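Protein chains: 2
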Amino acid sequence: MEATLKQFIDVNIPNIEETMYQLVEKIEAPAHLKESMLYSLKAGGKRIRPLFVAAVCEAYNKPLDSSYVVGSAVEMIHTYSLIHDDLPCMDDDELRRGKPTNHVVYGEALATLAGDALNTLAFGILARLENVSAEQKLELVHLLSVAAGAEGMVGGQILDMDGEKRLLNLQELETVHVNKTGAILRFSIESGAILAGASTKDREALVEYAHHIGLAFQIQDDILDIEGTSEQLGKTAGKDVAAEKSTYPALLTLNGAKQKLTEHYDFAIEALQKVSIDTSLLHQFAQYIVRRTN
Amino acid sequence: MEATLKQFIDVNIPNIEETMYQLVEKIEAPAHLKESMLYSLKAGGKRIRPLFVAAVCEAYNKPLDSSYVVGSAVEMIHTYSLIHDDLPCMDDDELRRGKPTNHVVYGEALATLAGDALNTLAFGILARLENVSAEQKLELVHLLSVAAGAEGMVGGQILDMDGEKRLLNLQELETVHVNKTGAILRFSIESGAILAGASTKDREALVEYAHHIGLAFQIQDDILDIEGTSEQLGKTAGKDVAAEKSTYPALLTLNGAKQKLTEHYDFAIEALQKVSIDTSLLHQFAQYIVRRTN
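Residue numbers (the working numbering), protein chains in the order written: chain A, 1 to 294; chain B, 1 to 294.
Check before you lean on any hint, since a few could be wrong.
Heads up, the list lumps identical chains together, so a pair's fine if it works in one copy or across two of them.
Okay, derived cross-link-like pairs now, DSSO-like style, lysine-lysine, Cα gap no bigger than 30 Å in a straight line [stated by the list, open to error]:
no.: 1; residue 1: Lys-165; residue 2: Lys-99
no.: 2; residue 1: Lys-201; residue 2: Lys-6
no.: 3; residue 1: Lys-42; residue 2: Lys-258
no.: 4; residue 1: Lys-99; residue 2: Lys-26
no.: 5; residue 1: Lys-34; residue 2: Lys-245
No lab work stands behind these hints: they were computed from the structure.
Predicted model, so just to flag it, every value in this text is computed and none were measured.
Go ahead and model the full structure; you've got the sequences and the hints to work with.
So this is what it looks like as structure tokens:
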């Protein structure tokens, strides 16, 4: 990882996490509900989504405080989706990032409700942002609702479940990922552009960048499932192959998937060239996404 | 039921339902996800929450269009909570309003996700309200997030689950209901006051009315579990007693619960007397709540 990005991540992850934990700690709710919510929020992860919100604000030389709050909301949505995804009635996973999943620790009922509470809290947080105009806040609430709901992440999970029953074609697989993981990644980058007051032209180019980064992220995930070790990944490697899941390597071969990854990386970099500001940090972020080993 | 209220309900339920169904039908999402969301929205119910939003606007002689949209958002939150509540890991109910529950028809995974999608959609709908100021919309998003989340409904469900393991005292039981069902009922009435542009004094009195109506509603629910038939209720009567659940009749005897119901009804009516407008419709609504047989 390039030094500038590494420094940016090292400085900002603690700020993001502190903001996010405080947003949960300060609410008045039953202690074990808060504990269950915080357990999954604190279970680690690369914080890629909130880092993207902050990175776009940083690229525009804007203060990062609001980006930590918006990033916290995004991470809450991401985390609730993992809690529900891991439930016995969904993927039935007992380990996530090397730790017992929420329902293993707190039981299924509490895990379901902790996920529901995180989903709900994310929207309340956006509505109460400071130093952001009312119109911008409403746009963020609207965009997050679309990105996280039936038209975005939840819809993508449904398509993904359908895809487990048969081999998808490349276009169908892309639709799954554009919705399941892409929509929230896109929101992360677009919300940064909104907070930074980016021009319409810049914002469109950043959304294009987000689209390709989202697909590159997913292809690298599929590749890591084959090439990574369970230790590196913090989850069982080779699970997709064992489950005969529709993945890029399954559809394109491993080399074909790597070529596709490079294509999306190149498109992402091309999109950045249309943006009016210095995008070197976002360029480095794209490299990090395609080169990551976990 | 008094004629004015009956007419109000008969006219407005179809408007509310049409608004609500269209808000789901117009989204672009996998067909069976939308079908599962609509299945539970269409499974009936008294629509008390959206009717309250509309009734407050009606009392202020305001147009009802926005109240149907806000009422739809509230009903989506209420419906998602029922879908998740009915799941095997929660109450494990196979019938709701005399019909098979969502997971019985669509499976647990889809039911969980349909609930998640309804929760998320509710906030997006509020952010896109027409003819409502940006500040009002943000206040609605914030209040719904608090009412529906860890500090309100979800927190109340947790307390209710804890209460199944031991007999609660009266204060604890009241806390359960103020959160579990009261918070959303309060939002329904307060959101009507916001839409109607009620004065702070009126709004505070209406919130007081909402508080007592919420408790009266719950006490009547407990009484009906004992005095109603399964046919009337559309669910198994006598379930609370069988489960040795903490209820008002269990704590106060059946007569004591009826007295408590009358007390909260009287407080609700007293609160209405502080409101500057003609509250006869809300008065009738309070009567309907305490006299209902299902």
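Indices of hints not satisfied (ascending) | Hint check: 3 fails alone, others pass.
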